[in-house]
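Visitor: I would like the entire structure built from these sequences, with the hints used as guidance.
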Amino acid sequence: MDMKVGKKKLGLKEKYQHMTRGLGWETTYQSMDDVFPFVKYEGIKIHDWDKWEDPFRLTMDAYWKYQAEKERKLYAIIDAYAQNNGHLNVTDARYINAIKLFLNGISPLEYMAHRGFAMTGRQFPGVGARVACLMQSLDEIRHAQTQIHSLSNYNKYYNGFHEYRHMLERVWYLSVPRSFFDDAVTAGPFEFMVAIGFSFEYVLTNLLFVPFVSGAAYNGDMGTMTFGFSAQSDEARHMTLGLEVIKFVLEQDPDNLPIVQQWIDKWTWRGYRVLTLVGMMMDYMLPKRIMSWKEAWEVYFEENGGALFKDLARYGIRPPKWLDQIEKDKDHISHQAWATFYNYAAACNFHTWIPTDDELDWLSQKYPNSFDKYYRPRLEHWREEAKKGNRFYNKTLPMLCQTCQIPMIFTEPGDPTQICYREVDYKDNKYHFCSDGCKEIFEHEPEKYIQAWLPVHQIYQGNCFEEGVDPTAEGFDPLSAVLDYYHLAQGRDNLDFEGSEDQKNFEMWRGMATKNA
Amino acid sequence: MSKVFIALQTNDDTRQIIQAILADNPHAVCNEQPAMVKIDAEGSLVVRRSTIEELIGRDFDLQELHINLISLTGNVDETDDELTLSWNA
Numbered sequence: 001m002d003m004k005v006g007k008k009k010l011g012l013k014e015k016y017q018h019m020t021r022g023l024g025w026e027t028t029y030q031s032m033d034d035v036f037p038f039v040k041y042e043g044i045k046i047h048d049w050d051k052w053e054d055p056f057r058l059t060m061d062a063y064w065k066y067q068a069e070k071e072r073k074l075y076a077i078i079d080a081y082a083q084n085n086g087h088l089n090v091t092d093a094r095y096i097n098a099i100k101l102f103l104n105g106i107s108p109l110e111y112m113a114h115r116g117f118a119m120t121g122r123q124f125p126g127v128g129a130r131v132a133c134l135m136q137s138l139d140e141i142r143h144a145q146t147q148i149h150s151l152s153n154y155n156k157y158y159n160g161f162h163e164y165r166h167m168l169e170r171v172w173y174l175s176v177p178r179s180f181f182d183d184a185v186t187a188g189p190f191e192f193m194v195a196i197g198f199s200f201e202y203v204l205t206n207l208l209f210v211p212f213v214s215g216a217a218y219n220g221d222m223g224t225m226t227f228g229f230s231a232q233s234d235e236a237r238h239m240t241l242g243l244e245v246i247k248f249v250l251e252q253d254p255d256n257l258p259i260v261q262q263w264i265d266k267w268t269w270r271g272y273r274v275l276t277l278v279g280m281m282m283d284y285m286l287p288k289r290i291m292s293w294k295e296a297w298e299v300y301f302e303e304n305g306g307a308l309f310k311d312l313a314r315y316g317i318r319p320p321k322w323l324d325q326i327e328k329d330k331d332h333i334s335h336q337a338w339a340t341f342y343n344y345a346a347a348c349n350f351h352t353w354i355p356t357d358d359e360l361d362w363l364s365q366k367y368p369n370s371f372d373k374y375y376r377p378r379l380e381h382w383r384e385e386a387k388k389g390n391r392f393y394n395k396t397l398p399m400l401c402q403t404c405q406i407p408m409i410f411t412e413p414g415d416p417t418q419i420c421y422r423e424v425d426y427k428d429n430k431y432h433f434c435s436d437g438c439k440e441i442f443e444h445e446p447e448k449y450i451q452a453w454l455p456v457h458q459i460y461q462g463n464c465f466e467e468g469v470d471p472t473a474e475g476f477d478p479l480s481a482v483l484d485y486y487h488l489a490q491g492r493d494n495l496d497f498e499g500s501e502d503q504k505n506f507e508m509w510r511g512m513a514t515k516n517a
Numbered sequence: 001m002s003k004v005f006i007a008l009q010t011n012d013d014t015r016q017i018i019q020a021i022l023a024d025n026p027h028a029v030c031n032e033q034p035a036m037v038k039i040d041a042e043g044s045l046v047v048r049r050s051t052i053e054e055l056i057g058r059d060f061d062l063q064e065l066h067i068n069l070i071s072l073t074g075n076v077d078e079t080d081d082e083l084t085l086s087w088n089a
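Protein chains in written order, with the numbering used here: chain A, 1 to 517; chain B, 1 to 89.
Honestly, I wouldn't trust all of these hints.
As the list claims (entries may be wrong) - Covered by chain B, per the in silico footprint, the following chain A stretches (three or more residues, Cβ under 8 Å):
{"id": "1", "stretch": "56-69"}
{"id": "2", "stretch": "135-144"}
{"id": "3", "stretch": "215-223"}
{"id": "4", "stretch": "298-306"}
{"id": "5", "stretch": "309-320"}
To be verified - Straight-line alpha carbon distances no greater than 27 Å define the calculated DSSO-like cross-link-like pairs of lysine-lysine that follow:
{"id": "6", "chain 1": "B", "residue 1": "Lys38", "chain 2": "A", "residue 2": "Lys73"}
{"id": "7", "chain 1": "A", "residue 1": "Lys504", "chain 2": "A", "residue 2": "Lys515"}
{"id": "8", "chain 1": "A", "residue 1": "Lys51", "chain 2": "B", "residue 2": "Lys38"}
{"id": "9", "chain 1": "A", "residue 1": "Lys247", "chain 2": "B", "residue 2": "Lys38"}
{"id": "10", "chain 1": "A", "residue 1": "Lys51", "chain 2": "A", "residue 2": "Lys13"}
{"id": "11", "chain 1": "A", "residue 1": "Lys448", "chain 2": "A", "residue 2": "Lys373"}
{"id": "12", "chain 1": "A", "residue 1": "Lys504", "chain 2": "A", "residue 2": "Lys387"}
{"id": "13", "chain 1": "A", "residue 1": "Lys288", "chain 2": "A", "residue 2": "Lys504"}
{"id": "14", "chain 1": "A", "residue 1": "Lys156", "chain 2": "A", "residue 2": "Lys448"}
{"id": "15", "chain 1": "A", "residue 1": "Lys328", "chain 2": "A", "residue 2": "Lys373"}
{"id": "16", "chain 1": "A", "residue 1": "Lys310", "chain 2": "A", "residue 2": "Lys247"}
{"id": "17", "chain 1": "A", "residue 1": "Lys288", "chain 2": "A", "residue 2": "Lys373"}
{"id": "18", "chain 1": "A", "residue 1": "Lys373", "chain 2": "B", "residue 2": "Lys38"}
{"id": "19", "chain 1": "A", "residue 1": "Lys288", "chain 2": "B", "residue 2": "Lys38"}
{"id": "20", "chain 1": "A", "residue 1": "Lys9", "chain 2": "A", "residue 2": "Lys65"}
{"id": "21", "chain 1": "A", "residue 1": "Lys366", "chain 2": "B", "residue 2": "Lys38"}
{"id": "22", "chain 1": "A", "residue 1": "Lys448", "chain 2": "A", "residue 2": "Lys45"}
{"id": "23", "chain 1": "A", "residue 1": "Lys65", "chain 2": "A", "residue 2": "Lys13"}
I should point out that these hints are in silico values taken from the structure, not numbers from a laboratory.
All C-beta atoms in this analysis are idealised placements derived from N, C-alpha and C, irrespective of residue type, glycine included.
Guide: This is the structure we're talking about:
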């Protein structure tokens, strides 16, 4: 071509070397141990930080250039989507409840990831690792902001999007994602990297961003599709980094292996539990379905994760613990989670429903081993009861798992009719768990997990009412007091989709968009 | 042998990139999904700058891939000329 650009002065590898090496120094006024106080206590031994390599060899100049392009694309689409009243083009207004969950449960985690990588980068003496953490920290705040911007458009029209920050620290089910990230950012820098960089980013985020976001596209939600893919384009870099972290740490010293293995076991299980929410979103909340949770799990975890752990076997790493249980659970968890939210819809900031007949058929087809036997009859029974005017909203608070904070809704591996309970006596108290995984994680660090802020315990202790509320007053209604504390309006933000303000408004606005009357 | 994959957004920028990847990796399988394309390949997959440049008729910096990349797996090795994804086992 006649527009040939001149040859670059430095190749990619050389440029990366120059931009990430030799920029640090050994401190002399203060000891290195005082400057980097957290880098040794976890027991990880690093002998040569220069062995750290980013396979994409990204430096800041290229980073800004490509990120700026991604932002321009994203905001062009977001503007067009808003100007075109794109929200009225989603398949069906039930869909909007899935993105309420996204904004409330996932976007704040992006912000925590931003903080986590900033803190972790500060703790690493190696420049290459610091640069990588810096970029990821910037990516993560970009994700939080683009998600908030994109979803703010829905907040103009629909309920449940307001005050997501207030709700994150209060609403019962949001303690699940929140405590997951709080657990990670309060760990040491290497554990954080394995937890978020490797276990979450590499092993699990594909499940969130790829099939779910493709599903958003399928359901006419261009806004979510755009921020989702834009975020995931950074994720590709994060995943690669997550894998490099593991390889780097394992190559540095053989003593690191058992520590890293324990973190991989812990964080794969912790992340897997959090993703229950995503499974439910895919199977129940996308009116037009793209793939089932089970299928997504098989492609993105079993196939990819299988290849990954086969590759890591040369370092002595084995696949994460409790995979046999996870394998059995994939037929069940999304159904168990939706049943729970259907039960507790009075205390939620989104609406629930019983799937339509063709949706039930889809679930029967996707889950031949479990759905017709265990879950369909129950949903149909609830539907019949609701028709008769007996819609039952559970107001009794459930027991929570001390580790993952999910109510005890999961069943025994191999027996879907029996709820799984585990318990541990520690000091003067008894602690309860949903699984062997969560129990073992607790037993490894009991002093950390006994501090958990469990929403149910807090409600019973009287800590989840607005100031001045008297729980001993006559006619005191605890649910209504808790909803006030959450800033949720009874009958507007919660309960079933059928009959909701969202449903009525969407129907009316869509009518206005297609007719002249 | 394990599979690697690369997933790209479906748009005008990626059409020729996808074509180039499929041309350079005859063993690769292309899965079209809503708004995205996932290319799976046994063992390894290579994205070659020169093939993309031939198809788009201009210079291409492999790092431009980041703009439309959705996800990938495998060990990554990137140079000025090639991006390779592979598993060692």
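Visitor: Taking 27 Å as the top limit, are the C-alpha atoms of A/Lys247 and B/Lys38 close enough?
Guide: holds (26 Å)
Visitor: Would the hint linking A/Lys504 and A/Lys515 be met if the CA-CA limit is 27 Å?
Guide: At roughly 16 Å apart (the allowed maximum being 27 Å), A/Lys515 and A/Lys504 satisfy the hint.
Visitor: How does the stretch 309-320 of chain A fare against chain B when you require at least three residues with a CB closer than 8 Å, holds or violated?
Guide: Check passed, 4 qualifying residues.
Visitor: Is the hinted pair A/Lys288 and A/Lys373 satisfied, with a Cα-Cα distance of at most 27 Å?
Guide: holds (24 Å)
Visitor: Run the distance test for A/Lys448 versus A/Lys373: straight-line Cα separation, threshold 27 Å.
Guide: violated (40 Å)
Visitor: Does the alpha-carbon distance linking B/Lys38 and A/Lys73 stay inside the 27 Å limit?
Guide: holds (21 Å)
Visitor: Starting from A/Lys9, check that the Cα of A/Lys65 is at most 27 Å away, please.
Guide: Holds - the C-alpha atoms of A/Lys65 and A/Lys9 are around 18 Å apart, at most 27 Å.
Visitor: Between A/Lys156 and A/Lys448, does the CA-CA distance stay at or below 27 Å?
Guide: Violated. A/Lys156 to A/Lys448 sits at ~40 Å, over the 27 Å cutoff.
Visitor: Given the hint that A/Lys51 pairs with B/Lys38, does the C-alpha gap stay at or below 27 Å?
Guide: Status violated; Cα separation ~32 Å.
Visitor: Given the proposed pairing of A/Lys328 with A/Lys373, does the C-alpha separation stay at or below 27 Å?
Guide: holds (15 Å)
Visitor: Is the straight-line distance between the alpha-carbon of A/Lys310 and that of A/Lys247 27 Å or less?
Guide: Holds - the C-alpha atoms of A/Lys247 and A/Lys310 are around 13 Å apart, at most 27 Å.
Visitor: Would you check the hint for A/Lys288 and B/Lys38, treating anything up to 27 Å between C-alpha atoms as holding?
Guide: holds (20 Å)
The structure does not agree with the numbered hints 2, 8, 11, 14 and 18 stated previously, though it agrees with the rest.
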